[in-house]
Amino acid sequence: MSAMIIFAICAAAAVGLGLFGVITNPHPLRKILSFNILGSGVFLIFGIVARRGAAAGFGGDPVPQALVITGIVVAISATALAVALLLRLFEATGSVTLRADASADTSEDRAAP
Amino acid sequence: MTTATAFNLGLAVLVMVLACWTVLARGAFAATVGFVAYGLLLAFIWIRLGAVDVALTEAAIGGGLSGVLMLGAAARLRASEALIAAETIAAGRRLWAAALSAVTALALVTSVLLLPDPAPTLAPAAAENAAATTLGNPVTNVLMAFRALDTMLEKVVLLLALVGVWSLGPDRFWGGRLGPRHRVDPEGMLVFLAQLLPPAGVVVGIYVFWVGANAPGGAFQGGTILAAMWLLAMMAGLTDTPPSGSRRARLVLVAGPSAFLIVGLGGLWLGEAFLAYPLAYAKALILGIEFAMVPTIAVTLGLLLAGPPDRSAQS
Chain A
221 MSAMIIFAIC
231 AAAAVGLGLF
241 GVITNPHPLR
251 KILSFNILGS
261 GVFLIFGIVA
271 RRGAAAGFGG
281 DPVPQALVIT
291 GIVVAISATA
301 LAVALLLRLF
311 EATGSVTLRA
321 DASADTSEDR
331 AAP
Chain B
1290 MTTATAFNLG
1300 LAVLVMVLAC
1310 WTVLARGAFA
1320 ATVGFVAYGL
1330 LLAFIWIRLG
1340 AVDVALTEAA
1350 IGGGLSGVLM
1360 LGAAARLRAS
1370 EALIAAETIA
1380 AGRRLWAAAL
1390 SAVTALALVT
1400 SVLLLPDPAP
1410 TLAPAAAENA
1420 AATTLGNPVT
1430 NVLMAFRALD
1440 TMLEKVVLLL
1450 ALVGVWSLGP
1460 DRFWGGRLGP
1470 RHRVDPEGML
1480 VFLAQLLPPA
1490 GVVVGIYVFW
1500 VGANAPGGAF
1510 QGGTILAAMW
1520 LLAMMAGLTD
1530 TPPSGSRRAR
1540 LVLVAGPSAF
1550 LIVGLGGLWL
1560 GEAFLAYPLA
1570 YAKALILGIE
1580 FAMVPTIAVT
1590 LGLLLAGPPD
1600 RSAQS
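Here the protein sequences line up with chains A and B, keeping their order.
Taking the numbering used here, the leading residue of the first sequence gets 221, the next gets one more, and so forth.
Taking the numbering used here, the leading residue of the second sequence gets 1290, the next gets one more, and so forth.
Bear in mind the hints are in silico, worked out from the structure with no lab data behind them.
We put the CB at the ideal spot given by N, CA and C, even for glycine.
You may find that some hints are simply not true.
Listed below are several chain A residues computed to face chain B (Cβ distance under 7 Å; list not exhaustive) [claimed, not checked]:
hint	residue
1	244
2	246
3	313
All chains should be modelled from the sequences, with the hints used to inform the complete structure.
Given below as structure tokens:
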């Protein structure tokens, strides 16, 4: 079994597991973690595409590799923003639920004074 | 089965087990620890795929900084877990989600295996034009010359994320110091590490940036290592976060993207296009931009992880 097939299965599994986690985990922090796993699977597919394009003495096509580096930077920025939003939600409402009805109740309580 | 295949297989299985653990573990803290290990092992896959530049980035970000971010958040959100545990979705829906995820994964594997052969590649084009910049690292060439616009906008995204995080601070603390103050045992292990590691870490960070012109490395990887060293010192209480109103911090934050923008506009004015470097000065300009970007990247990442303004500037 070639390295490409092994890592392709690994990348696809990461996307699948991440997707499953984003849908089923009720805790937003777990959703953020799962989303990062989903993203890393997508990056790995870029890596496989880059590796397949190895030519001209390079170990891989440098263009997808550079795109992945940019992608990782954007992913950490978005993750940091998501975590800050979540911590603020917890600080303001004392809960991290994403259910629309629950958050409406607490915000009314808070708005009273 | 050769040794290389056995190694690849073992690595892939380990990474998949850790991904499962991160998604399915009971507690958020346990899941986060799994995620950090996952990020580090993923870096090995990147090495196996011949992408050492990406491996360095993944190890520094996936295994390092996002680990710090997530572990800190998990610790602060510990009280929320019991409340939300009742919200688990019904078994039927979980089954649907599992089916959807499995179909997505299968479709991805099939499409990767059905990719055209020989694969389309831009590697020969990158090799042909490498002489224009005289840089030896093709990934740095792509990041800083051929696709420089992406890299410039990526720095703007970092800055926008920081603006987003800062805007989450309460009104009364605007301009105040970022994040909670860290109080730790001055005789403890963390303080010892925070005194021991940064001198070496700073040298490694600068080296990784400098060597990136010709070997795997670069401004982003180097800046991330510097950010990690700064965060370590902040978390050990050896230094405090700057106030968000600090003019010096804000100047460093915009220095990198500004240098990039000025060089880009200079290309538009003197040369042929936005971000078109004059051939004779290409390498000097690229290294100049990277030099301006390293402190910006280090400070932006450090402050992104420190959190929104949380105290008054004096405290």
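Checked against the structure, which of the hints given earlier come out wrong?
Violated hint: only 3; rest satisfied.
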